[in-house]
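J.: So you can see what is in the structure, the chains are spelled out below.
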Amino acid sequence: MKIVRAILAAAVLYFFYAGSAAAVRIEISAPGEQTIPLAITSLLPMGAVQAGVAEEFQQVLGNDLDLSGLFDLVDPEAFLGDAQKLTLHSTQVDFGQWRMLGAEVLIKGGYRFEAGKLTVELRLYDVISRRLLTGRRYIGTPADVRRIAHTFADQILLSLTGESGPFNSRIAYISKRTGRKELYLMDVDGHQRLRLTDHRSIVLNPDFSPTRKELIFTSYDKGNPDLYRKEIYTGRESRLSLKPGLNIGGRYSPDGREVALTLSKDKNSEIYLLGTDGTIHRRLTNHYGIDVDPSWSPDGHKIAFVSDRRGNPNIFIVDIHTLEVNRLTYEGKYNATPAWSPKKDRIVFARLEGSEFNLFSIRSDGSDERQLTFGPGSKEHPRWSPDGRFLIYSLDRGGEKSIWIMRADGTGARKISTKGGHDTHPAWSARW
Amino acid sequence: MQKLNLTRLVVMLFVLTLLVAGCAKKPVVEETAVTEQPIQEQVLQQQPAVIEEQPVDEAAAEAARAAARIAAAEAAADKALSGLMRIYFDFDQYVLTDAAKQQLAMNAGLLKAAPTVNVQIEGHCDERGSDEYNLALGEKRALATSSYLVSLGVSAGRVSIISYGEEIPLDPAKTEAAWAKNRRAEFNARR
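One line per chain: the protein sequences are A and B, in this order.
Those letters in the first sequence? Residues 0 to 431, per numbering that gives the first Met the number 0, in order.
Those letters in the second sequence? Residues 0 to 190, per numbering that gives the first Met the number 0, in order.
Everything labelled a hint here was simulated from the structure, so no lab data went into it.
Watch out, some of these pointers could steer you wrong.
Unchecked claim - Quick list of simulated restraints, FRET-style, between CB atoms: (1) B:Ala179 x A:Gly161: 48 to 56 Å; (2) B:Ala179 x A:Glu330: 23 to 31 Å; (3) A:Arg211 x B:Ala179: 20 to 28 Å; (4) B:Asn187 x A:Gly178: 20 to 28 Å; (5) A:Tyr329 x B:Asp77: 48 to 56 Å; (6) A:Arg98 x B:Lys173: 40 to 48 Å; (7) B:Val94 x A:Gly178: 55 to 63 Å; (8) A:Thr210 x B:Lys173: 37 to 45 Å; (9) B:Lys173 x A:Glu330: 19 to 27 Å; (10) A:Glu162 x B:Ala155: 40 to 48 Å; (11) B:Val94 x A:Gly397: 43 to 51 Å; (12) B:Lys173 x A:Arg211: 36 to 44 Å; (13) B:Ala155 x A:Leu241: 38 to 46 Å.
Just so it is clear, CB atoms sit at the ideal spot from N, CA and C, and this is done for glycine as well.
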């Protein structure tokens, strides 16, 4: 009897606890629908003051969280005394102060430099329930401040929405900084740029492996547009497909086991599936028209692509098992570069009107088409963040080509590439 | 005048020959007794020195002719290298226009006259349109161009193709005139 009562008590306790945990999880998956008032306090030194650390951390974290569109930042000017106190335990925080300022969640933290190591303690508190939502200690080198801020931003999104953020990942893109188109890598906020190729030819259209630190891209290095594979950390590079004619638009399947691409070895562009050893697994299209630009559905069973088989370029979907082809877009005269969301039933594409592209999104059954970008300049090459919250694309405006990030609904657009780079064709990695 | 003198000389010589021949025909009857032992002629000594035989051919002339042929081929090749003119396409089209076909007929003539020249046809697009689609479109343009040259008698083995899509514009401006210039097939001739 005693045992039964104990079990019952434990069960009640468990449900109570689980219930309260569910209550703090705020249901927001689509950005912009609901915002949470958030206070980000400055990192406080837990030892000697190190100039610049708190500022850089604040700037990176604030930028990520602002881009997320999930938060309303409480003005630091209004902060009261508790902001100056290092409170790494919920019992130490004066939640009343924060409640007065209207904050519902609060970030506090401190840093310490010791023997060349940087330690950052971070806490995310729920002001209403006076509880710790997530606590993290990061240990790295002094150069890891940005990385720590991005990682904690991802952690905050995970804690509040159940889905991690995409901020600790990488963007691959093509830049003409050297005068030739080469492959580059950068952080999601445009920092830590790194050139990966030195082909001095034409490098095009990268895609990340979802499972390995590896990229595929097309290059004219050996005179023909061949598909290359490059390991990012070793720099090792090889040709994955070198059929006569085009070997372009390579896209890894969601499980990373196959690559969809366009080949024109039979004098006409068709979509094929390759194994990661470069052998052809399957031909997916068979039409004398142009078939290019494959993009995988999240379940890996379908591929959206561009074809002019009905006249103008439009987006079609092929089932990779039955090879049945269905047309997706009917509006407009020129629809191209589909990108299927990794999370939702949405396909983003670029529509040419006059001489400029704008980005649209549509459900995979062809319903609910929405325009995402407006205004001057041509917006092309849309790609999704791994969590499906954001889109990255290139903008060609006023003689400059730059890379931009926005939320999936088209809000919050911001430039992440630096001036004068002629940067295009971004691709978003999986979580790093 | 000189030619006349020469003719006269030849005629005179001919006449003279006839006269001498006429004299020789007079029969000589008297026979002398044949000596039993003919005089040994010193044949050996009179034998001429070993005959020197030299081949006579026209190597120099042949070489000259070959050089002339090469020079002609070079000239034809030069003409093809410098004379092959690019052709233009309409927006999002790879069908050859009449103007393009006329230019291709001239290009085919130059190529047929210069059999040592191979040509790589580059297909190009204007910047409007998606990059991947334009790579495929540029290839279609190069293929249409190549097939037309072959139909005009240029050997297929001499023609290859490549597409650069919108990667190498002739004119980077964003104007109708620039775009029209960029939608093209180029002829990259190599000896």
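J.: Look at the Cβ atoms of Glu162 (chain A) and Ala155 (chain B) and judge whether their distance stays inside 40 to 48 Å.
T.: The hint (40 to 48 Å, Cβ to Cβ) is violated, given that Glu162 (chain A) and Ala155 (chain B) are roughly 57 Å apart.
J.: Determine whether the Cβ-Cβ distance between Thr210 (chain A) and Lys173 (chain B) falls within the hinted range of 37 to 45 Å.
T.: For Thr210 (chain A) and Lys173 (chain B) the Cβ distance comes to about 40 Å; the hint holds.
J.: Can the suggested window of 36 to 44 Å be confirmed for the beta-carbon pair Lys173 (chain B) and Arg211 (chain A)?
T.: holds, 39 Å
J.: Looking only at beta-carbon atoms, does the pair Asn187 (chain B), Gly178 (chain A) fall within the given range of 20 to 28 Å?
T.: With a Cβ separation near 21 Å, Asn187 (chain B) and Gly178 (chain A) satisfy 20 to 28 Å, so the hint holds.
J.: Evaluate the given range 38 to 46 Å for the C-beta pair formed by Ala155 (chain B) and Leu241 (chain A).
T.: Violated, at about 22 Å.
J.: Hint says 19 to 27 Å; check whether the CB-CB distance for Lys173 (chain B) and Glu330 (chain A) agrees.
T.: holds, 25 Å
J.: Just tell me: holds or violated, for the beta carbon distance of Tyr329 (chain A) and Asp77 (chain B) against 48 to 56 Å?
T.: holds, 54 Å
J.: Could one say that the CB atoms of Ala179 (chain B) and Gly161 (chain A) fall in the range 48 to 56 Å?
T.: The hinted range 48 to 56 Å holds for Ala179 (chain B) and Gly161 (chain A), with Cβ atoms some 54 Å apart.
J.: Assuming the hint says 55 to 63 Å, is it satisfied by the Cβ distance from Val94 (chain B) to Gly178 (chain A) or not?
T.: violated, 35 Å
J.: Indicate whether the distance between the beta carbons of Arg98 (chain A) and Lys173 (chain B) respects the range 40 to 48 Å.
T.: The hint (40 to 48 Å, Cβ to Cβ) is violated, given that Arg98 (chain A) and Lys173 (chain B) are roughly 55 Å apart.
J.: Within 23 to 31 Å or not, the Cβ separation of Ala179 (chain B) and Glu330 (chain A)?
T.: With a Cβ separation near 27 Å, Ala179 (chain B) and Glu330 (chain A) satisfy 23 to 31 Å, so the hint holds.
J.: Using the C-beta atoms of Val94 (chain B) and Gly397 (chain A), is the stated range 43 to 51 Å upheld?
T.: Distance hint for Val94 (chain B), Gly397 (chain A) is violated at roughly 34 Å.
Hint compliance for this structure: hints 3, 6, 7, 10, 11 and 13 are broken, all remaining hints hold.
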